[in-house]
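K.L.:
Please arrange chain B on chain A, whose structure you already have, making use of the hints.
Chains A and B, in that order, give the protein sequences. Taking the working numbering, the leading residue of the first sequence gets 405, the next gets one more, and so forth. Taking the working numbering, the leading residue of the second sequence gets 405, the next gets one more, and so forth.
Just so you know, these hints were derived from the structure itself, not from any lab. The structure presented is a predicted model; accordingly, all values stated were derived computationally and were not measured. Even glycine gets a Cβ: it sits at the ideal position worked out from N, Cα and C. Some hints could be false.
Stretches of chain B that chain A covers, calculated by requiring three or more beta carbons in the stretch to come under 8 angstroms of a beta carbon on chain A [unchecked claim]: (1) 421 to 432; (2) 504 to 516; (3) 557 to 564; (4) 586 to 592; (5) 621 to 628.
In silico contact screen, one side only, chain A against chain B (beta carbon under 8 angstroms); selected entries [as the list claims (entries may be wrong)]: (6) T477; (7) H478; (8) I481; (9) N514; (10) L590; (11) V618.
Listed below are the residues making up each chain.
Protein chains: 2
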Amino acid sequence: MSTAAVLVIGNEILSGRTRDANVAYLGAELAGLGITLAEVRMVRDDTDAIVEALNHLRRTFTYVFTSGGIGPTHDDITAAAVAAAFGVALERDPEAVGLLAVRYGAEDLNAARLKMADVPKGATLIANPVSQAPGFRVENVFVLAGVPRILQAMFDGLKGSLVGGPPQQSRSITLAVREGDLADGLALIQAAHPETEIGSYPSFTEGRSLVTVVARGIHGTRLDEALAETRALAKRLGAPVLDP
Amino acid sequence: MSTAAVLVIGNEILSGRTRDANVAYLGAELAGLGITLAEVRMVRDDTDAIVEALNHLRRTFTYVFTSGGIGPTHDDITAAAVAAAFGVALERDPEAVGLLAVRYGAEDLNAARLKMADVPKGATLIANPVSQAPGFRVENVFVLAGVPRILQAMFDGLKGSLVGGPPQQSRSITLAVREGDLADGLALIQAAHPETEIGSYPSFTEGRSLVTVVARGIHGTRLDEALAETRALAKRLGAPVLDP
Chain A
405 MSTAAVLVIG NEILSGRTRD ANVAYLGAEL AGLGITLAEV RMVRDDTDAI VEALNHLRRT
465 FTYVFTSGGI GPTHDDITAA AVAAAFGVAL ERDPEAVGLL AVRYGAEDLN AARLKMADVP
525 KGATLIANPV SQAPGFRVEN VFVLAGVPRI LQAMFDGLKG SLVGGPPQQS RSITLAVREG
585 DLADGLALIQ AAHPETEIGS YPSFTEGRSL VTVVARGIHG TRLDEALAET RALAKRLGAP
645 VLDP
Chain B
405 MSTAAVLVIG NEILSGRTRD ANVAYLGAEL AGLGITLAEV RMVRDDTDAI VEALNHLRRT
465 FTYVFTSGGI GPTHDDITAA AVAAAFGVAL ERDPEAVGLL AVRYGAEDLN AARLKMADVP
525 KGATLIANPV SQAPGFRVEN VFVLAGVPRI LQAMFDGLKG SLVGGPPQQS RSITLAVREG
585 DLADGLALIQ AAHPETEIGS YPSFTEGRSL VTVVARGIHG TRLDEALAET RALAKRLGAP
645 VLDP
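Just chain A, same shape as in the assembly (with noise of 0.2 angstroms):
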């Protein structure tokens, strides 16, 4: 089974001031594509914390992928500190100094924006429909735009190189009850659904107790059973199934 983990890189989003978006979309996806996102970290613009955190991730998954960091600016090292982690020089590559020649035109061209061409020796360039600044592949480790825009328009590119499964899907539920009523029922329906994935996710919505059952697996079938069950147990316990 594919794994994958994400890397999140920027001051930003350890600060606070930005909510990071990527890991629900790349989440999202990838069980889609039938690969399970295990790990997510996320770290500070320090080349020492990328490099570990990427080279623990890299090693213990099948695939990688970074966000954040592959700008013009200081702040950008997310290229440097991959570089540094596969122990590789960073060069300047051609075909995307070509790319953000068309994109600037000569005059503009300058150091801070050919930084953006600057890559680990043997990456491959990662296409960006949105605004040309290329990310890049290393083995299984792709590298991103932070920008959620442009980093979906980059995975939607880059999605079909992956090797998947079967696609997990979901099926859910919302039944006004507290979940501390539905907790045993609930156990039993997941002792007897062992390949099916059933979590349990408490809300209080208008004064009500809602609690949402999600089954998540390959199988539709079996999801559509254990939710069934959590049905009927729901009318056991009179609680009532909300329309979604």
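P.N.:
Relative to chain A, chain B alone:
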């Protein structure tokens, strides 16, 4: 300097079903207390993954905050995993049982709800003013609920016990400029202000390239100086400064 890590626990985060809100909250709160959030990890509801991440983080950073997995259902395994990480037994805490008994009454205090009173031996409880079921602390690890409203209430109650430093302050201005045109000048400003962390965050609004420059540090006057220089740089570049 005090440092912190956050460990987010839950399949729903990694599957993309739920977008985490706790990292941004904790990052901003910790910065205000003069504690640097240095790393975040997100793992699935998997004991081995929780134990491995927690044991690394608690030995590396001053404080660790976990989020998620402390409810009454079968997929809530955080307390047991934290006990395993510390190599201690999970024990039913009488004070926690008392809190749950007040909330639920003897009749509704079933086995599933009592599970929420099981904490690692030696833990101290963390108050939950929203729904009573407590979090807990073991050494430098604070185990909090995943529901943002509850996590925030728990953190609000415990933050007085944290030893931080001078609050991290931040100032920002937004310029109508392309990041690549700003980069060289901004790098010089960063070099002249080594004690100030200067970040550059591009965005695109109504067809216009914007860059928000964020200065962060403990000395407000130095942040003001760095941003005054950025303002002067913008003037030289002919880049409008947007009013906040």
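K.L.:
Does each hint hold? Answer for all of them.
P.N.:
So, going through the hints one by one against the coordinates:
1. As drawn, the stretch 421 to 432 of chain B meets chain A at 11 residues by the rule of a beta-carbon pair under 8 angstroms; at three or more, the given contact holds.
2. For the stretch 504 to 516 of chain B, the proposed coverage by chain A is satisfied: 5 residues have a C-beta within less than 8 angstroms of a C-beta in that chain, meeting the threshold of three.
3. By the rule of at least three residues with a Cβ nearer than 8 angstroms to a Cβ of chain A, the coverage given for the stretch 557 to 564 of chain B is violated, with 0 such residues.
4. For the stretch 586 to 592 of chain B, the stated coverage by chain A is satisfied: 5 residues place a CB nearer than 8 angstroms to a CB of that chain, which reaches the threshold of 3.
5. Counting residues of the stretch 621 to 628 of chain B whose C-beta lies closer than 8 angstroms to any C-beta of chain A gives 0; at least three are required, and the coverage claim is violated.
6. A cut of 8 angstroms between beta carbons decides the hint on T477 of chain A: the least distance to chain B is about 4 angstroms, and the hint holds.
7. For H478 of chain A, the interface hint holds, since its Cβ comes within 8 angstroms of a Cβ in chain B; the closest pair sits about 4 angstroms apart.
8. For I481 of chain A, the suggested interface contact is broken, since its CB lies about 12 angstroms from the closest CB of chain B, more than 8 angstroms.
9. The beta carbon of N514 of chain A comes within 7 angstroms of a beta carbon in chain B, closer than 8 angstroms, and the hint placing it at the interface holds.
10. Using the Cβ-Cβ criterion of 8 angstroms, the hint placing L590 of chain A at the interface with chain B is satisfied: the shortest such distance is roughly 6 angstroms.
11. Given the 8 angstroms rule on beta carbons, the hint for V618 of chain A holds: about 6 angstroms separates it from the nearest Cβ of chain B.
The structure fails hints 3, 5, 8 (numbered hints given earlier, in ascending order).
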